[in-house]
Amino acid sequence: MLLLGSNALAGPVNVSGTGGFDYQADVVQPWTAPVERVVVFERLSSFIGDLYLTRSDDAGASWSAPIPVVTGPANQRHADLVQTGDNNYQLFYLSNATGSFRIHRSSSTDLVSFTDHGALSLGWGSGGEINPQVIRRPDGQLLMVYHRLSGAAYIAQSSNGGVTWDQNRVQVSPSTAALPRLTYRPSDGRYLLIYQTNPGNNQLRMWSRTTTNPASWADTPVEVASGGNNHDGWPIVRGDDQFMLFWARVVGNSFQLFSSVSADGSSWSTRVQRVDRPGLFNIQPHVIDIGNGELDLYWGAAQDGAGNDYNILRDRVIWDVLFRNRFE
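The sequence shown begins at 1 in this note's numbering and counts up by one.
FYI, nobody ran anything at the bench for these hints, they're computed from the structure. Even for Gly, the Cβ is constructed at its ideal location relative to N, Cα and C. Do not take every clue at face value.
Simulated restraints, written as ranges between beta carbons of each label pair [what the hints assert, rightly or not]:
#1 Gly123 to Gly305: 12 to 20 Å
#2 Gly305 to Pro186: 19 to 27 Å
#3 Asp304 to Asp188: 42 to 50 Å
#4 Thr212 to Ser159: 27 to 35 Å
#5 Asp188 to Ser159: 40 to 48 Å
#6 Pro174 to Val112: 38 to 46 Å
#7 Ile67 to Asp188: 36 to 44 Å
Start from the sequences, fold in the hints, and give me the full structure.
Okay, structure coming up:
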């Protein structure tokens, strides 16, 4: 059983096919095409990545054959695709094409051909920026969180569609953190940040922070997932204005996916297990709210117990059982 029965609305669909070791999907629902989905993911060979793209025109029920969009001898990973216009998309990712890891940008008007614009200037004199995640506010402002190798997490802003970014290097985490992810709630202008830390025993801990001013983070971080080993947080704002977090947590000898809900980004509900594939790793959830109390959940799903083969899977899930019962 893949998704827990009370949460699932459909059977899981293989998004990336069986062409390789597929990780770290990012999904976009284009503005003018509500039934279309676009997924960019990294395909690894000996942990060197290239970026591939696949599309669905039936709300994720079926997918096109993946096409390469960023390839070459460099290591390209951790894709983040953002729509910035009716026919404009910006793709951010880490790459060591310049000799050290930097965050790069490519752009596209057709989601087939991408133009490489090279590494972003974020105010650092040396390389080491990795794992970007970018959100777009309703006013068009872009915000990106990322972290430095063996360092803290930071946030940057762009007012011109991602072409240039501020150089302020605003720190949003303790001295060491990884995989920062951000979401924004327009109703009250509140940002929710999620990141993970390693206390030294590889039992990773997951934290949340909130602010209404992305240039200033004065609150005390809150541990979302206490105890155990917690990875890969992905926050969203649901249609009912609640924050929701998905992440991977060890159960037995493998990672499974969980979720929790919060009204304020600080007090979190009891975690709910969303994926149950005993003995198989399930990591890197990415989620979009598609309305009517339903979510599209994408994740990296191991196809063998050794974790030597991953595919990107997708399934439709509900916010929670109580919400669904109100419509039945």
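To see whether the hints hold, each was checked on the structure:
Checked against the hint of 12 to 20 Å, the C-beta distance between glycine 123 and glycine 305 comes to roughly 44 Å, which is inconsistent with it. Separated by about 43 Å at the C-beta atoms, glycine 305 and proline 186 break the suggested range of 19 to 27 Å. Hint check: aspartate 304 to aspartate 188, Cβ distance near 45 Å, so the stated range 42 to 50 Å holds. Threonine 212 and serine 159 have their C-beta atoms about 18 Å apart, which leaves the hinted 27 to 35 Å range violated.
Under the hint 40 to 48 Å, the C-beta atoms of aspartate 188 and serine 159, about 22 Å apart, miss the expected range. A hinted range of 38 to 46 Å holds for the C-beta pair proline 174 and valine 112, which are about 41 Å apart. With their beta carbons about 40 Å apart, isoleucine 67 and aspartate 188 fall inside the hinted range of 36 to 44 Å.
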